[in-house]
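Residues 250 to 914 (this note's numbering) are what the sequence shown spells out, left to right.
There's no promise every hint is true.
Label pairs and their calculated CB-CB ranges [claimed, not checked]: (1) Arg508 / Asn685: 27 to 33 Å; (2) Gly624 / Ala837: 41 to 47 Å; (3) Glu583 / Arg483: 46 to 52 Å; (4) Gly263 / Arg483: 20 to 26 Å; (5) Ala807 / Arg446: 35 to 41 Å; (6) Gly696 / Pro774: 31 to 37 Å; (7) Pro579 / Gly535: 21 to 27 Å; (8) Trp871 / Asp620: 49 to 55 Å; (9) Pro774 / Asp611: 16 to 22 Å; (10) Asp505 / Arg832: 43 to 49 Å.
Below, a list of computed lysine-lysine pairs in the DSS-like style, where the Cα atoms sit at most 27 Å apart [said to hold, decoys possible]: (11) Lys519 / Lys550; (12) Lys769 / Lys550; (13) Lys289 / Lys550.
The set of hints was computed from the structure by calculation and includes no laboratory data. We put the beta carbon where it would ideally sit given N, CA and C, even for glycine.
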Amino acid sequence: MTHAPHDTDTGPAGAEDLVEMYRRMRRIRGFEERASALYKATEIPGFLHLSIGQEASAVGACWPLGERDGITSTHRGHGHVLAKGLDSASMMAELMGKEGGTCHGRGGSMHIADPGLGIYGANGIVGAGLPIAAGVATAAKLRGAGDVVVAFFGDGAVAQGMFHEAVNLAAVWDLPVVFLCENNHYSEFSPAAEQHRAPLSARAAGYGIGYAHVDGNDVVAVARTMTEVVGRLRAGGGPVLVEAETYRWHGHYEGDPERYRAPQEVAAAKERDPLLVARRHMAAAGVSQARADAVDEEIAKEIEASVEWARSQPEPAPETLLDHVSAPRPVIPEPAPALADAEVFRSMDAVRLALEHELTADPDVFIAGVDVGEGGNVFGLTRGLARAFPGRVRDTPISESAVLGTAVGAAMAGMKPVVEIMYMDFIGVCLDMLLNQAAKLRFMTGGRASMPLVVRTQFGAGRSSGSQHSQSLEALLAHVPGLTVVMPSNPADTYGLLRAAIQDPNPVVFVENRLQYGFKGPRPPADHLVPLGRAHVVREGTDVTLVSWSRMVQDGLAAAQTLAAEGVSVEVIDLRTISPLDRETVLASLAKTNRLVIAHEAVRDFGVGAELAAMAVDEGFWHLDAPVTRVAPPPMPAPYAPSLERVWLPSRDTIADTLRRIAAF
C-alpha cells in the first residue's frame, strides 16, 4: 500500500474537526514555546528537545486513535503525548521535576508516560520505542480487541538496529502497528542525506509491509492518511510504515548552536508553518479568523494556568528517594522440604512444568524467543507448549533487542511475557532493553509503568563452549537497579522460583545452568513456590560459612561433605536470588561461624563474591576470625581447550582446599 502526498484540500474533515485539530496543534506549540522560555530561565532542568514545527504530524497521527490504542515516542515527545490526550499541567510539572508531574518528577522531558492513556513512553534512547511498540502491539493482537499502536520515530532512528529488528518482527507477526517516521531531515546535527542511502519506501518494500508518504506539515493530510491506515489495521492488516515529512524549527536540543544549518533554511521552512496551513483549511471550511484567534487565546490561558499550577507543586521529598524502583512483592512463605518418597524429576522438567503451569493458570502469560515454539527450544525445554497453547508460545527472528523490547511493551500493556535469550552471553546484544528500559521504566514513570516480565536464559562452563557461550554475567545484571536476578541450583527450586518470577510484578532475569538440565531431585507439589530475594541454608554448620549459587552449590555441598569427614563443619548457603541480595541470612551465618568463603562460576574480579566480601568486612567485621576468601575463575575469557578450561574453572576439590585453609585460622 503506497500513497502519494495528499494535496491541501480539506477532504472529509468538517469545520468542527478542523477547529479541534487546530486547538491540539496550538496546545503543542504553546506548551513548547513556554517550555523553551522556562528552560532559558532555569525553571526547567536537564535536557529539553522541542517539537516546534512538527505539530501536524503528532496531531494527525493521533487523530484516529482511541484511549485504548497505544503510542510510543522519542526524546522529542511532548507533542505526541499531548496529542494523545495527556494534560499540559502535569506535563509542565514533570518538566520542572515536581512531585505533581506526570511521573512524579522521576522522568523529566524525555521520559513522559501514562499507560492508562495508551502512552507507553517517550524515550531517551534513539529507536528504543520501536521494539516496545511491537510488544504493545503483541498484547493488542493476543487480546483481539482491534487496538492499534503508533510508534513515532525520527529519520535518525532508521540507522539503529532496533529499527530493523522491530519492523521485521512486526512484519513476521503481522502486528497492528504503524511505524511513523517524522522525517525532519536531520539526525541530531547531520543531514539525512549523510545518514542513509535507501529511502523508507524501499525499506518498507524490503520488509514486505505497507508504506505511505504524507506532507507532515498538513494536519488534514496526515489525519486522512492515518485514518485509512489505522482502519486497515483494525480490520486485521499488518504493519505499515508512514513517512511524514516535516521540519523542526529549534535545534536538536535547547541551546544547540545550530552551526549545521543556515538561518535562511529555517526561515524558508517556517513558510510552511503547520499552524498556518491549518488556518487556511479552517478558512476554506468557513471558520472565521475570530474563532481561530479565540482558540489561540483559550490555549494561551490554559498553558499559563499549567505553568502556574506546576510552579505551585512541591519537589519530591527526600524520603521518597527509593519510591517506584520496584513494585512490592507478594509474600511467599518458605516451602516445606520435599517428601523423602517424592517422585524424582530433572531441572529441565522443572522449567517446562513451571511454564506449563503458569500458561494454564494465567491467560496474560505468553512465551517468546528464538525457536521456543515448534522447535521447543534448543534444549527441548518448551517442546509441545506451542501446540498446547496456540498463539501464546511464539517463535521470533534472531533479534534479541526485539525479543526483549516485545517483553517490555507487552508488560507495560498488562501482559506477563516470558522471553528467552538463548545464551546468557547474548544479553550483551540487547542490553539496552534491560539496562535502560525494563529496569528503569517503572521508576522513570513514577510507578505508572508495570513491568511483570521474565527473561529466561542459561549459561554453563565446563563443556568447551568457548568464550562467547560460557560466561556467568550475573554481576553485570545485579549492578542494574530495578532488575531481579535469580539463579537456582536444583530442580525443586527451579520450578518454584520460575513460577514465583512469572507471578512477580518486577522484571526478573532467570538464569539456568545448562549443565544442570539433567540434574535430578525430588519433585515438589504443583503449587510449590519459592520466595524471591531469600537465600536458603542448605546445610547447617558451625565452623565455616560457604556461600554459592547455581551449579556450584552442588560442588560446595560435595566439598562440605568431604570436610565433615575431617571434623570441619561447613554451613552452605544457596543464595538462589542474586539481586536483591539476602544479606540477613549471610550475616546471621557469619555471626555463627566467624568465617566466610564464597564460590562462584563467574570470574573473580568485581563480582558478586566481591560484594559479599565487602558486606562481611563492613557489616560483619566484628564477627570475622579469618580472611574472607573467594573461589572463582581468574579474570580472563573462558578457554575452549579442555585442559585449560579444567584449570580455569574451580572444582569441588578447589573449594575443599579453600575451606580447609580458612577453617585452620
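*Of all the hints given earlier, name the ones this structure violates by number, lowest first.*
When the structure is compared with the hints, numbers 5, 7, 12 turn out to be violated.
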